[in-house]
Amino acid sequence: MIIRSIQADKVSKKFGARKIFSEISFRVKQGDSLSIAGKNGSGKSTLCKVILGLLSPSLGVVKYDLGNGSVDPADARSAVGFVSPYFSLYEDLTGMENMVYLSRIRSGEDPPRVLLDELFERFQIAQFKHVPVRTYSSGMKQRLKYIFALAGAPSLLILDEPTSNLDESGSNIVRTACKEFQKDGILIIASNEAEEVQWCSATITLNSR
Amino acid sequence: MKRAYAVLQKDIASELRTRYAVNSLFMFVLISVSIILFALRSENVSVDILAGLYWVVMFFASSIGLSRSFVSEEERGTALTLQLIASPMSVYAGKFLYNAVLSLLLNLLVTILYFFFFPSFQIASLDIFLLVMLLGSLGFSAASTILAAIIAKANARGALFPVLSFPVMVPLLMTIMNATAKALEGASLEKAAPEFQVLISYIIVLVGGSYLLFDYVWKD
Numbered sequence: 033m034i035i036r037s038i039q040a041d042k043v044s045k046k047f048g049a050r051k052i053f054s055e056i057s058f059r060v061k062q063g064d065s066l067s068i069a070g071k072n073g074s075g076k077s078t079l080c081k082v083i084l085g086l087l088s089p090s091l092g093v094v095k096y097d098l099g100n101g102s103v104d105p106a107d108a109r110s111a112v113g114f115v116s117p118y119f120s121l122y123e124d125l126t127g128m129e130n131m132v133y134l135s136r137i138r139s140g141e142d143p144p145r146v147l148l149d150e151l152f153e154r155f156q157i158a159q160f161k162h163v164p165v166r167t168y169s170s171g172m173k174q175r176l177k178y179i180f181a182l183a184g185a186p187s188l189l190i191l192d193e194p195t196s197n198l199d200e201s202g203s204n205i206v207r208t209a210c211k212e213f214q215k216d217g218i219l220i221i222a223s224n225e226a227e228e229v230q231w232c233s234a235t236i237t238l239n240s241r
Numbered sequence: 014m015k016r017a018y019a020v021l022q023k024d025i026a027s028e029l030r031t032r033y034a035v036n037s038l039f040m041f042v043l044i045s046v047s048i049i050l051f052a053l054r055s056e057n058v059s060v061d062i063l064a065g066l067y068w069v070v071m072f073f074a075s076s077i078g079l080s081r082s083f084v085s086e087e088e089r090g091t092a093l094t095l096q097l098i099a100s101p102m103s104v105y106a107g108k109f110l111y112n113a114v115l116s117l118l119l120n121l122l123v124t125i126l127y128f129f130f131f132p133s134f135q136i137a138s139l140d141i142f143l144l145v146m147l148l149g150s151l152g153f154s155a156a157s158t159i160l161a162a163i164i165a166k167a168n169a170r171g172a173l174f175p176v177l178s179f180p181v182m183v184p185l186l187m188t189i190m191n192a193t194a195k196a197l198e199g200a201s202l203e204k205a206a207p208e209f210q211v212l213i214s215y216i217i218v219l220v221g222g223s224y225l226l227f228d229y230v231w232k233d
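As you go down the protein sequences, you meet chains S and U in turn.
The opening residue of the first sequence carries number 33 in the working numbering; numbering runs sequentially from there.
The opening residue of the second sequence carries number 14 in the working numbering; numbering runs sequentially from there.
Since the hints were derived computationally from the structure, they do not count as laboratory data.
Glycine residues also receive a C-beta, built at the ideal position from the N, C-alpha and C atoms.
It is possible that some hints are incorrect.
[Stated by the list, open to error] DEER-style ranges, computed between Cβ atoms: (1) R89(U) x H162(S): 18 to 26 Å; (2) V114(U) x H162(S): 21 to 29 Å; (3) G99(S) x F73(U): 52 to 60 Å.
[As the list claims (entries may be wrong)] Once the Cα atoms are required to be at most 30 Å apart in a straight line, the calculated DSSO-like pairs of lysine-lysine come out as: (4) K232(U) x K51(S); (5) K232(U) x K42(S); (6) K173(S) x K204(U); (7) K166(U) x K46(S); (8) K166(U) x K95(S); (9) K46(S) x K232(U); (10) K95(S) x K161(S); (11) K71(S) x K166(U); (12) K215(S) x K42(S).
[Unchecked claim] To give an idea of the chain S side of the interface with chain U (calculated C-beta under 7 Å), a few residues: (13) F114; (14) F119; (15) R138.
Produce the complete structure using the sequences and hints provided.
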């Protein structure tokens, strides 16, 4: 499954009476990228969850175009990679066990070992892949999330605070991975770091309310 | 089904690593059976009471062990991970299977302890007893899985499960107690047929209801 484009049409989100954001519209197609900027509490993470279909919009609609028709985000999750501080991996399992079990849950298949080994090397935690995740530092856990996101060969990558907890070397690896991914995938970044916002070709800014 | 099986595999691997549920359940069952043993001493109790006490242990053990299936995902922050990568049905089916396996193992443990400690616990109809164990475990799993998913979103999780599960499990408990008593009395399989019909209906209704409800429970 390949996502050709994402379209958000006048998307609004409220929690009770509290308005988070309103009437957000955009279209991002393959090879394009979009950054979602805004201060703390402006709703960047919430918008990411709405784009992923983890939260329903209060108004408006988000659709993924697969080339042969549009689908709801929830129907194309196997084609999406997501990195966020809000989701965790299983601390009792090793890094490799996390990748294997979660890939099986995601696609029903074992992930290609060659790809996994390559990603562990690329994100420089290969020597820790058979160690329980609870012993990882926060930066290593963030790297592991990237490995999981990319192991599914996604056509849409959504990164919420892409370099949080990462040192300079980790940030550089992520930046390079994003550049490569942008060539034929769709990249969406939510960040309040000016430098990360500039990685993308277009930006929408959410205002705090 | 492959994805549900993967959820089951992940839960088993995680449990084997921490042994949180297994250890606490083993201790709970051992202590409960010991207390029952001290209370009864050498009294010769009826099969009805023995069958009732058997499932009382199972009910409270399930409150401890089976209710953890979704609470642990919320506590570890992995519920969002599962929401992201798996369909609600794969998660429900995987958790249902995990709870069924755990419940069967619990049944096996309680049975072994009863055999060891209570000389009057003699299974006269093995076929009825095995069927009750299987259907009882599936019934416990069906009720616990959906209730665990509901309470996982609440604040007072520990207290909520027994309160919510008791009314839901009353028909199950009454039926399995009757059927277990029949297994101990040595009744024929035909005599326990009404109980099995109720148990099968109970499982179908709960799994069917959960299938319709789970999507709303699981999604924020």
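Checklist line | Hint numbers contradicted by this structure | finding: 6, 10
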